[in-house]
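Trainee: Read off the chains here:
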Amino acid sequence: MSKQINLTLKVWRQNRGEEGKFETYEAKNIDTDASFLEMLDVVNDELTLKGIEPIAFEHDCREGICGCCGSTVNGKTHGSHERTTLCQLHMRHFEDGQNVVIEPFRATAFPVIKDLIVDRSGLDEIIAEGGYVSVKTGNAPEASTTPIKKEMAEAAMDAAECIGCGACVAACPNGSAMLFTSAKVSQYALLPQGHPERAQRVKNMVAKMDELGFGNCSNEYECAVSCPKGIDVKNIARLNREFIKANLGKN
Amino acid sequence: MKLDAKIPEGPMAEKWTNHKFKVKLVNPANKRKHKVIVVGSGLAGASAAATMSELGYKVHCFTYSDSPRRAHSIAAQGGINAAKNYPNDGDSIYRLFYDTVKGGDFRSREANVHRLAECSNQIIDHCVAQGIPFAREYGGYLDNRSFGGAQVSRTFYARGQTGQQLLLGAYGALSKEIKKGGVTMYTREEVIDVVVIDGQARGIISRNLVTGELTRHEADAVVLATGGYGNVFFLSTNAMNCNASAAWRAYKKGAAFANPCYTQIHPTCIPVHGEYQSKLTLMSESLRNDGRIWVPKAKGDKRPANQIPEDERDYYLERKYPSFGNLVPRDLASRNAKQVCDEGRGVGPTGNAVYLDFAEAIERLGKDAIVAKYGNLFEMYNRITDEDPYTTPMMIYPAVHYTMGGLWVDYNLMTSLPGLYAIGECNFSDHGANRLGASALMQGLADGYFVIPNTINDYLASNKITPVGTDHEAFAEAEKAAQDKLDKLLAVNGSRTVDDFHKELGLLLWENCGMGRNEKGLKEALEKIPKIREAFWKDVNVPGSADDLNQALEKANRVADFMEFAELMVKDALMRAESCGGHFREESQTEEGEALRNDEEFCFVGAWEFQGLENEPILHKEALEFEEVHLTQRSYK
Amino acid sequence: MSIKTSILSSIGQKLLLATSGLIMFLLFLIPHMGGNVLFLFGPDMFNSYAHHLHQLVPIVIGIELLMLTSISVHMIMAFRVVLANRKAADKRHTLKSSKERSLAARLMPVSGIMIFIFIVKHLLDFKFYEKAKTTLHGVETYDVYAMVLSRFQGDPVHLVFYVLFMVAVGFHLSHALQSSIQTYGIYVPREGSKIKLISAVVGWGMAATFAIIPIFAFIK
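Chains as they are written, first to last, in our numbering: chain X, 46 to 296; chain S, 48 to 684; chain P, 634 to 853.
Bear in mind the hints are in silico, worked out from the structure with no lab data behind them.
None of these values were measured; they are calculated from a predicted model.
Yeah, the Cβ is synthetic: ideal placement off N, Cα and C, and Gly gets one too.
Check before you lean on any hint, since a few could be wrong.
Said to hold, decoys possible - A few chain X residues that face chain P, going by a derived Cβ cut-off under 10 Å, partial list only:
hint, residue
1, Gln143
2, Glu148
3, Asn264
4, Val278
Unchecked claim - If you want a taste of the chain S side facing chain X, the calculated C-beta under 8 Å gives, among others:
hint, residue
5, Asp136
6, Ala205
7, Gly591
With the hints as constraints, model all of the structure from the sequences given.
Mentor: Shown next as C-alpha cells:
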C-alpha cells in the first residue's frame, strides 16, 4: 500500500556558462507510488508558486525507453535500483526523512547545460561514424533470404537494447563510452548484414570516441551494473576483439 | 478551399504503381538544389529525412529532443504488421488492406490504405537489411505473432521493443546521411511556426531550447512528422513532450485539420493511481494473445482476484465476441472495459480497472514460455505497481494512446497548404476511425521510406519555387508573433502552474470527449474550454526567461495551443453524430450497445478550415468511396 | 585509421599495456619466481641456479632488454591512459558510490608505482651489489644465497618493506591478469567468472610465494 513520505533534496543547480552549486529543498507528502520524476514534478510545482525557477531535468517517455532521463541519485546513476531508469524508479524505495542528493550525469564529455541536463550529443557523433548498415532505401533483398541463427539474433538484440542514456559514461570512473560503443558494434558484428562494414565501423567509432574525450576502459564494470538495460561487458570484449581483428586485416 | 484527394485512376492494386510512373520527377542534378525541411525525427521523420537525403535533396531535420533517437516512436512495444504471409495462414496484401479498412470502421481512404499494405512488405525487407534484430525461429527465419483485429499472424517484432529497434534503424539511416552531409540535424530546436508566402509553405520559425533564440529557416517544402495530439488529454501514453503545436500552427496558417475527434483509447494500460500522476503506461496489446480479460460477475465484489471462483468471473470479451475473443480491436476492448466498470464491476482501489489474467497461459505454456514472451512487460508492470503479475492478475484500464485524426493530406501526403506535407501520426489518412495494433509503425515507415520520397518530387518539379530569403516580411511577422506569444506567457505571472491548467483541460476532455461522448457533454465542454483558456492566459505562472533553457515556457507554449485545439476536437465530435471506431457517440448505438455507424450522413472525412479564433471554422467534407471493401456494420462476434 | 592512430587509440594503448604486462609476467615473473623458490632448498641448489643463469648471459641480456622495453612501454602507456582518464572524468560526482569496482582495480596506478619503486630498490639490493664468492662442486661462483640471507637477517625493516611491496604485486596482478584477458577480447563475465578467480589466485599466490623468501631468510 502506498503512503506519504517527506524527503530533503540536495539538488545541483547550474545556469549556462556559470558555476553550479547544491540547493536544498524539501519534498513534502510524496506518495510512495509516485515515480522519482513525479516527485520532482511535485517539488517543481511548489518552487514555481514560490517564485523559484523549477529544477530543469530531462525526461520524455517516462517508460524507461527513450533514454532522456537520468541523474546521479545518492551517488548512483539512475538511483539505487538495478536495471531501472530514473523515471521507473519509484518512491517506495525511499525512506521517510531520507536525504537525497541529485546530481547531473557527470563526465568531461557531458558538459552541463542546465541543472540536471547535460549535453550527450557525443553519443550521436559516435553513432554517426558507423552505428548503422549503409543500405539505401530500396536496396533491400527479400527479408527471408538470409536466415539468421536464433541465438545470434537474440545476442544482437541483447546489445541493441541500449537506450543511449549515458549512465555508463557517468558511472565509469574514467568517463568512458566503451559500453555504449560496444553495444552498437556488437549488434552489427553479430548479424550478417553488418559484416561488409565491420572493420571500418569499429575503427571509426573508436576513433570518434577517443576524439570526443571519453576515457579508456579499465575493465572495472561499473558501466554494466549501472546500465538500466543490463547491457553486458561481453560487448566490450567483443568490441576489443573486433578492433584487433580490424587492425590485423582479419575482417 | 477545395479538397482534392488526387486519388489515382485505375484498379486499386495498380494505383500506386501507376501513380509513381505518372508523377513528375526531379532530375538527380537538380535534387540538390531543393531544400526540404523535416520537422520531427521519429519513425516517419527520420526515415523521410534519410531517404530524401539519399535521393539527393538537401534536408534539414529538426527535433526538440537532444537526439533524434528520443522520439516517442521508440516506445512502441508490440510490433509492425506486414503482409508477408510467412506463417502460410492466408494473409495477403489484400487481406491486410481489408483488415485495416474494416478495423478503421470504414472511415479511411481506400487508396491510401492499399498503398500502405503494399509498402508493408518492403518495410520488413528494408528493416532486416538495416540489421534490425527481429525475433526469429530456431530455423533462423522471421517469427510472427498475432495482434488485435486480425485472424492471421502478421506482426513482426523485436521482443517488446519493436518501436525502439525500428526507430534506431531509422536513426542509423539518418545518422549515415548526417555524416555524409546530406542532412543537417537541428537538435533541441522546437519548430513553433510555419511560414507561408504566396500560398506556399516556405519555411519555419524555430526556437533553440538552450538559448531561447528564434531562427528563420527557408525551404522549398516543409514536411511535418510531429506525431499526434494525444497529450491534449494531459494523461496519455504519449511522451511528456509530445505536442500538437506544429500541426496546429499549420492549421492556423491554412492547412485543413481532419477528423480531430478520432482518438484511440488503448485498452491495456496501467490504471491511474494518483493526483501526482504525470503519464500513463501502456502494456503491449500483444499481452492479449495469452492474457484473459475478466471482471467479477457481481457488482462491488471486493475479494482479491484469486479468491473469486471461476464461475463467478465474467470473461466478457470471450463471451460477447467468441470468434475474436480477447483479440477484438482496441476500440471494442476499451469500450467494453469502460462498460463493465460503469456497471460497478471494475476492480482495484479505484474500481476503474479490469483483470488481465495469465494464470491459464502459465498453466498451458509454463512460466518460462511466458517469461520469454513477455518478461520485460511483466517486469515493467511490477516496477510500477509493485505487484507480481505471475501470481496476481494484472490490472488494466484504457488510456489515450494514439490519434487517428490529423492534418488533412491528399494521396501525395500534401496538406491543403501547398508545399506542406504531413506524414506518420501527424496526418489523418490511413487508420480511419480506429487504428489496428502494429499499424502505426507500419504507417510511419511507409510514409517516410516509401511514400514521400516518391511524391514530393511531383510538387517540386511542377511548381515554380523562387528563393525568397529569410528577410521576407512573412518570416519577420511569424518570428515576431512567436516572440510576442512567449513574452505574453511570461508576463502573466499568475497563481497556477501550466500543468494545473493542462490537467483541468485534460480531465474535462476525458470526461466529455473520451471513450463515450454525447451531445450534452460535448456542448458543455464547448462552453468550458474557452473559459479555461481565458483563465490560462490570465492566471498562468511561467517562471524564468525566454532567452534560456526554460521547460515551463516550452510547456506553456504547447499547452496554449492545446487550449485552442481542444475546442476543434470537441466541435468535430459534436458534428459527427454517429459512432465509428474510437469515436463512440452514446446516441448512436445498437440495442446491444455496439457502435452504430451512419453511412448515409457521415461517410466522409471531416476537414476543418481555420477562420480566425473568434469565428467558426469551415467544415469541408471529403466523401469516402468504397470500391473494394463494402460498407458493412463491423462485426467481431 | 592508420596503424599509428590505431596503436595510440584507447584500445590500442590498452593492448600495449596488457601485452607489455603479460610479457613481463610470462618471461620474467614466472621464471624469477621459479628460481626464487629454489632458495628454500638450500644454498647449493640456489647458487647452482644462479651459476647456470650466468652461463646463459646472452639470453639473459636479451630478456633484460626486453624487460626494459616492456617496462618502459608499460609505464608510458599506463601514464597516458591514467592521464586521459583523469581528464575524461575531470568533473567528479560530489557523492559517488560504486558497487562494482574492486579495490585492486582502484589501486592499479598506486600499486603500479609501488612496484616500480620496488624494482629499483630490488635491483640496487641484489643486481648492482658487490657479491661474495663461494665454491660449488669445485667451481668458483657468486654466493647469492649468502647475499640474500645477509640482506634480511636481523633487518626487520627490510623484511617489512619487501613483504609490503609484495602485497602491491598481489593487488596489481589480481586485476591485471583478468583485465588484460578482457582487453584481448576474451569475455570475462562480471559475476561468477573463473578467469577472475584464477587471476586472483595466481596473482596473490605469486605475491605470497615471492614474500616467503624474505620471511624464510629472516627466520633462518
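Trainee: Could you run down the list of hints and mark each one as holding or not?
Mentor: Verification of the hints:
1. Gln143: violated (13 Å)
2. Glu148: holds (6 Å)
3. Asn264: holds (4 Å)
4. Val278: Holds: closest Cβ of chain P sits about 6 Å from X:Val278, inside 10 Å.
5. Asp136: violated (16 Å)
6. Ala205: Holds, about 6 Å.
7. Gly591: Holds, because the Cβ-Cβ distance from S:Gly591 to chain X comes to roughly 5 Å (cut-off 8 Å).
Of the numbered hints stated above, those contradicted by the structure are hints 1, 5, listed in ascending order.
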